[in-house]
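Student: Protein sequence lines, in the order shown, are assigned to chains A and B. Residue numbering for the first sequence follows our numbering, starting at 1 and increasing by one per position. Residue numbering for the second sequence follows our numbering, starting at 450 and increasing by one per position.
There could be a bad hint or two in this list.
To be verified - Derived lysine to aspartate or glutamate pairs resembling DMTMM-like cross-links, with alpha carbons at most 20 Å apart:
#1 A:LYS438 / A:GLU415
#2 B:LYS500 / A:GLU118
#3 B:LYS500 / A:GLU286
#4 A:LYS339 / A:ASP387
#5 B:LYS500 / A:GLU215
#6 A:LYS339 / A:GLU378
#7 A:LYS227 / B:GLU574
Hints in this document: simulated from the structure, not taken from any laboratory.
There are 2 protein chains.
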Amino acid sequence: MATQTLATWSTTLTYSTLPPSVIHAAIRSFYNWTGCTVGGSTHPASKIALKALSRFSGPPTSRLLGSDGSVDVDAMHAALLNGIASHVHDYDDTHLDTVIHPTGPVASALLAVVQSLEREVSGEEFITALVVGVEGECKSNKFGTRHITSTTGSIGAALAVSKILNLTPHQTAHAIGLAATQVTGLREMFGSHTKSFHPGRAAQNGLLAAVLAAEDLTSSTTALEAKRGWANVVSNQHRHRLDEQIATLGDGEKGRWEIVRNAFKPFPCGIVVHPVIDGCIQIHDELFREGIDIERVVSVVVQVHPLVVELTGKTAPRDGLEGKFSVYHGGAVGLLFGKATPAQYEDDVVRDLRVVAVREKIQVEVDGGIEADECRIEVRLDNVDGDVKTVHVEHAVGSLERPMTDAQLTEKFLEHCLPVLGRERTEKASQWCWGLEKVVDVRCIKDVL
Amino acid sequence: MATQTLATWSTTLTYSTLPPSVIHAAIRSFYNWTGCTVGGSTHPASKIALKALSRFSGPPTSRLLGSDGSVDVDAMHAALLNGIASHVHDYDDTHLDTVIHPTGPVASALLAVVQSLEREVSGEEFITALVVGVEGECKSNKFGTRHITSTTGSIGAALAVSKILNLTPHQTAHAIGLAATQVTGLREMFGSHTKSFHPGRAAQNGLLAAVLAAEDLTSSTTALEAKRGWANVVSNQHRHRLDEQIATLGDGEKGRWEIVRNAFKPFPCGIVVHPVIDGCIQIHDELFREGIDIERVVSVVVQVHPLVVELTGKTAPRDGLEGKFSVYHGGAVGLLFGKATPAQYEDDVVRDLRVVAVREKIQVEVDGGIEADECRIEVRLDNVDGDVKTVHVEHAVGSLERPMTDAQLTEKFLEHCLPVLGRERTEKASQWCWGLEKVVDVRCIKDVL
């Protein structure tokens, strides 16, 4: 049932029935994905993959965002390479209920295939397909030993591409099957380039699945729920919950849209550090407003949820990657620079003596009464009378309770794109993406990106 | 350990240390694969995949065997499409200890990449890489809910391509990791086109893995054995046995070559039916020699292992695919035509009234004392004195005890290739493949295939 239900729901969904909140959430997801992909395009993993694979590319139809301005490759490679770039800074989106990063596989496949079509694709059509992919992906659950983003991402990408290719429900079910049989993503790969390869390959898996199903290559129309199918292979306890989840698709009685619950990372590191960075930035801004030099800080005491120390307790990180697992580094750059972008996770920043000096002033205390997206910070200055600045972050920026505003997403987009595209192209691209709903032909993305 | 051990063994293996039996087994495996791939190239699944994907192909470097004579595509697509064709008739090879069909993923990737290189690749080098891939693949074990050929095939293909690209042990370990993270193949897909997609995609997964690792994309150097790595994801009980298996690589004290234990299917159907087909062909030949018409057969009693009825008990198959699951059909075509090739599993043969008439004369009796590769057959003629022909197949042709001879493999190759390539090209191709060891440059395969 689950496979067919998903296929039928997907093929019948129309733009006119999407609630405005879903449309806005889809645009935000696409916007954030675009910035992350441009920003990630200069990362070594992205460059290596392009170097290794460009000789296999077919006729160039589809743009690689960012990298060297205007490189085109075939849709299959664009799906893979944009997918890698979108995830490579661990800075993309998170559907918090499932911990899937949903837009990477779906948007990478969708934008790639759209540019290879010989017809106009409106922004409305694009948004509908994006929603289909993200919803299909997020109606799945957690799997212990796999990278869930790519495991479910192949299916999401297949759904989105099937939608844009106007496949029948029957063909769409086969596309789901072809995607499901490509179960990419071991968690062992975390910490290596291959982690970002996962959503890229998932995008490509899904695109391949839909393109084959479009020509009536057969798979199974019960791929997700069958005894020897996807759900039972990725988790033994999963089959029943899958049916339950699929029943909540869309606007029905039990319906719930998942894309409106998609969150965006304000900082390129593990989500548990976000409250501390958020609070430290608030204190940085306060000190800045009052003209107080950071040198005058004597001590910083941070109270956090137990997981923060467990996952990110590195007191003396040695490079950018280790910095991502250090609450001390996150707090230090927040206090010192008032921001934590990929630039603050470069190796030389992690080793910068000014950063090290602030890092060493930070004490972290675990408090079982504090929530995962909460923290309390107390900063003591060198005044004789012991001036103290405190902040209580109830919900970190980027949480569902305090989502990134459109303005904050724009700022993040500029951070990603300015160094790669320059101001003029960045601003044009930003406007174009925010206006996705009104775009007459998404293939024109090449005029701006 | 397993990952690094495999990588190191693979990179240090040289042709001069291969026992002659291993070299001969590799040539037989390649020869059988070539015939199956040419024969499978005209199957709908192969044609659909080519139609769907040709527009994504990069500069054409690598030959699609069979299909329309001389179509070239890029190496990635050649790996996929030849891999599909090689498996699509369920007629390829079987490593009986693991039930892996090992050559498909490995040879498909290897032959594809070799033709894309800008240097000569000798037959000796090719054979060494093929052996590396097949050994790496077969040192794995059984996994209940997956298609093991593709699950292990990605790793075998990555090893073979890493070898031919001269990757370092470190790069090869990363290639294994990149291949391992692409766990393709659900058993739910059996009975659909996607089953043959699996070894094709595995070939492509492995090729992609090696090509990325060659440019130093990082994965994990403990991908197979790590806690969240491949073996634990594909089977919880697997990790320990993996180490044991890897320790038996090559010529060492505990060493055992797997490729010499690779068997070749004489008939394009489930292996449990093979003893019955074998025996019925023997009786066909005897009747033919004695000039006795098949019409004179009154009854056929076949005694078989219990699995035969359990897996292939369809008394009245309706089409070719169902015919593969009917011991009655297998026996009937053996008796009637003296052979069982893909032609005898066409829909119209399964529905042919002469075939149906013989099928209906066959009675199958289960006998717990009979082995899986054994059967007894008794054929009664319409003489007044009740002439009886009997045969006892102790080990079916194609088993390890009675392997296909080189002559039988040649006959199978001709069956595959003649209808596709014609006699002249078929014979040239056959000679070329049997002479693989002496080939100066494998890229010249395009001159013959």
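Student: Is it true that the CA of LYS438 (chain A) sits at most 20 Å from the CA of GLU415 (chain A)?
Tutor: violated, 25 Å
Student: If you draw a straight line from the CA of LYS339 (chain A) to the CA of GLU378 (chain A), is it 20 Å or shorter?
Tutor: Within the cut-off at roughly 18 Å; holds.
Student: When you check the alpha-carbon spacing of LYS339 (chain A) and ASP387 (chain A), does it fall within 20 Å?
Tutor: violated, 24 Å
Student: Can the restraint linking LYS500 (chain B) and GLU286 (chain A) be considered satisfied, given a maximum Cα separation of 20 Å?
Tutor: violated, 63 Å
Student: Regarding the pair LYS227 (chain A) and GLU574 (chain B), is the alpha-carbon distance no greater than 20 Å?
Tutor: violated, 43 Å
Student: Decide if the proposed pair is consistent with the structure: LYS500 (chain B) and GLU118 (chain A), CA atoms, cutoff 20 Å inclusive.
Tutor: holds, 17 Å
Student: Regarding the pair LYS500 (chain B) and GLU215 (chain A), is the alpha-carbon distance no greater than 20 Å?
Tutor: Holds. LYS500 (chain B) to GLU215 (chain A) sits at ~8 Å (cutoff 20 Å).
Against the hints set out earlier in the document, violations occur for numbers 1, 3, 4, 7.
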